[in-house]
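Undergrad: This is what each chain is made of:
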Amino acid sequence: MSAAPSSPSSTDIVSKPLVASLAELIRVTSTVLPADVVRAVDGARKTEDTGTNAAYALDVIDCNIGLAKQKSQPLCQDTGSILFYVNTPVGYDQIAFEAAAIAAVRQATKAGHLRQNSVDSVTGGNTGDNIGPGFPDLHFHQWRHDHVEVKLMLKGGGCENVGATYTLPNPKFGGRDLKGVENAILDCVLQAQGQGCGPGILGVGIGGDRVSGMACAKTQLLRLLDDRNADPDLAGLEERVVAKANQSGIGPMGFGGKTTLLGCKVGKLNRVPASFFVAVSYMCWAFRRQGVDLSADGGITRWLY
Amino acid sequence: MAIIPLTTPLTEAQARSLKVGDTVELSGRLFTGRDAVHHRLHQGVKPPVDLAGAVIYHCGPVMVKTGDRYECRAAGPTTSSREEPYQWEVMRDYGIRAVIGKGGMGPKTLEGCQKYGCVYLHAIGGAAQVCAERITRVDGVDWMDLGSPEAIWHLWAERFPCIVTMDSHGNSLHKQVYEASAKALDALKA
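Sequence lines, in order, name chains L and F.
For the first sequence, this note's numbering begins at 1 and goes up steadily by one.
For the second sequence, this note's numbering begins at 1 and goes up steadily by one.
Bound-form chain L, shown alone (with noise of 0.2 Å):
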C-alpha cells in the first residue's frame, strides 16, 4: 500500500490529464466540502439553541465553509493523511496511477492545497512535497466495469488520533454482541470529546483483524451521509449511535450542546473465534472526501459526492 518513490521510467508513462485531473480532485476535496455533508452541518445549526457556544461554533463552521469554496483554500489547515480509493478495469496500469498520483500531490502541495504534511517518523524530517513511505496512500481495485473510478479523502491528524480499536469482551462495555459494540462505540465519542473537532462522523468496523477492521471503518466513511445500512441490524445500531451520542451533551468543538455527531456508518467483517475488534474511525466536521469517474484518456466524466 505504501507509494514507492516514483522512478525515472515511470515518470515517462504519466498521463497528462490524469495528473490535472487528480490535481483537481484534490483541489475540490480540500477546499469545497460535499453536499451531505453541508446538509448535516446546516441540520446540526437548526438544532442548537441561538446564543449558546455551540451555535456560535456552528456559525463560524458554516461561514468557515463558504470562504473555503469562494477563495479555493483548504478547508482546514491540516490536509492531512491523503487517502485514495481507486477502482479500475482489469488490466489498468496501476503504476503508472501512482506515478501520476505523485505528480498531482506534489502540484497541489506547491498550489497551497496541501500542507507540507509528510514526515519521516524517526527523523522528523519533512520531505516538503507530501511524498514519501505512505504518502500519499493508494488503495487499488479492480472491478467490471471500464472506466476508472477515484475517491480521495483527506483526513486530519486530530480525528484521527482520537479513533481506536477496542476488544470485547471488556468488563466495561460488555461481551461479543451488539450491546458490546454500541457501548465500545460510545466510549470513544466520550473519550474524544472536542478534540477531534466535531461533530464528527463515525466510520465503524466490526470484526476482522486489527488492519482489516480499521479499513473497513475508514471505507465506510465513503458512503453517503444520509444513506441507509441494508443489514437493519448495523441500520439500527448507526441510528442508535448518533441518537445517545447526542444527547451526551458534547456538543459541536466539545462546547456542550445537542450535536456531538453527525453520523454513524458501520460495516462488518467476518472475524476469527479468538477474536472481536471494534474499529472506530473518527472523522471531523470537515469530512473532505471527493470522487470522480475518469474517461480513457484521463479526463473528468462526473463527480461523485
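There may be inaccurate statements among the hints.
[To be verified] DSSO-like cross-link-like pairs, simulated, lysine-lysine; straight-line CA separation at most 30 Å:
| id | chain 1 | residue 1 | chain 2 | residue 2 |
| --- | --- | --- | --- | --- |
| 1 | L | 258 | F | 65 |
| 2 | F | 175 | L | 179 |
| 3 | L | 258 | F | 175 |
| 4 | F | 183 | L | 46 |
| 5 | L | 258 | F | 183 |
| 6 | L | 16 | F | 108 |
| 7 | L | 69 | L | 258 |
| 8 | F | 183 | L | 172 |
| 9 | F | 108 | L | 46 |
| 10 | L | 46 | F | 189 |
| 11 | L | 172 | F | 175 |
| 12 | F | 65 | L | 110 |
| 13 | F | 189 | L | 258 |
| 14 | F | 108 | L | 172 |
| 15 | L | 268 | F | 189 |
[As the list claims (entries may be wrong)] Every beta carbon over 12 Å from chain F, so not counted as near; a handful from chain L, in silico:
| id | residue |
| --- | --- |
| 16 | 90 |
| 17 | 112 |
| 18 | 117 |
| 19 | 142 |
| 20 | 210 |
| 21 | 252 |
| 22 | 269 |
| 23 | 298 |
Simulated from the structure, these hints should not be mistaken for laboratory data.
Glycine included, C-beta positions come from ideal geometry on N, C-alpha and C.
Following the hints, put chain F in place on chain L, whose structure we already have.
TA: The following block gives chain F in isolation, referenced to the frame of chain L:
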C-alpha cells in the same frame, strides 16, 4: 455575547480578568508553536522570540512563499492536549499569558494558568479560513528546520476570535463537559 477586545502583549491582570465562557478577539502578534517547538523548549533550548506577555497559537498553518513574502493560506488550531506535558513550563519560564488551540488541555495546564496567570483560548477547529482571514500579515519565521507546520511563525492578527475555555481561577469547560457527558452516556448504556 459581548466580545472582549484584547491587544498583545497581554498583562497578567488582563489574563486573570478573563473567565470561562468569555468571547474575545485578539489583535497583534501571535506566535505559532506546536509539538516540536514545545519539545525543543522542554529540552532547554531558549526561544528565538520574546515570550513575555505573548500568545502562543497551537497551529501548523499552510504557508505559500511568493517572492520573499509568506502568505498564510489556512491557519486553524491544532489539538492542544499533546502539549499538556510541556505547556505549564512555558508559562513558568517565559511568562506567556495566553494559549490558543482546540480541544482543551489537562490538569497541569489548568494549574499553570492559576499559578502563573495565563488563560486557554479555544479557536474553532477546522475553521482554517475564518482564522486565516484574521491573520493579516506574516512577519517572520523561526526554527524552520522543524518543517513548515512545526515552525514558529510570527503572525499579525486583527480581531482573531476565541472563546475562553480554561481560566486562571481553576475553571475548565472541558472538565465540566467531560464529567457531565460521562454521566449522561453511562445512564444511556446498552
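Undergrad: Far enough from chain F: is every CB of that chain over 12 Å from the CB of residue 117(L)?
TA: The claim is violated: residue 117(L) sits with its nearest Cβ about 7 Å from chain F, within 12 Å.
Undergrad: For the pair supplied as a hint, residue 258(L) and residue 175(F), is the alpha-carbon distance within the 30 Å limit?
TA: Satisfied, since the Cα-Cα distance of roughly 18 Å is no more than 30 Å.
Undergrad: Quick one, are residue 175(F) and residue 179(L) close enough, alpha carbons at most 30 Å?
TA: Roughly 28 Å separates the two Cα atoms, so the pair holds.
Undergrad: Are the Cα atoms of residue 268(L) and residue 189(F) separated by 30 Å or less?
TA: Given that 30 Å is the threshold and the Cα spacing comes to 22 Å, the pair holds.
Undergrad: Taking 30 Å as the top limit, are the C-alpha atoms of residue 189(F) and residue 258(L) close enough?
TA: 18 Å, holds
Undergrad: Would you say residue 298(L) is clear of chain F, with no C-beta pair closer than or equal to 12 Å?
TA: 27 Å, holds
Undergrad: Verify the proposed pairing of residue 258(L) with residue 183(F), using a straight-line Cα cut of 30 Å.
TA: 15 Å, holds
Undergrad: Would the hint linking residue 16(L) and residue 108(F) be met if the CA-CA limit is 30 Å?
TA: 53 Å, violated
Undergrad: Do the alpha carbons of residue 108(F) and residue 46(L) lie within 30 Å of each other, as the hint requires?
TA: 37 Å, violated
Undergrad: Is the nearest Cβ of chain F still more than 12 Å from the Cβ of residue 90(L)?
TA: 39 Å, holds
Undergrad: For residue 210(L), is the shortest CB-to-CB distance to chain F above 12 Å, so the non-interface label stands?
TA: 24 Å, holds
Undergrad: Taken at face value, is the distance from the CA of residue 65(F) to the CA of residue 258(L) at most 30 Å?
TA: Status violated; Cα separation ~41 Å.
Violation of the numbered hints given earlier is confined to hints 1, 6, 9, 17, 18, 21; the remaining hints are satisfied by the structure.
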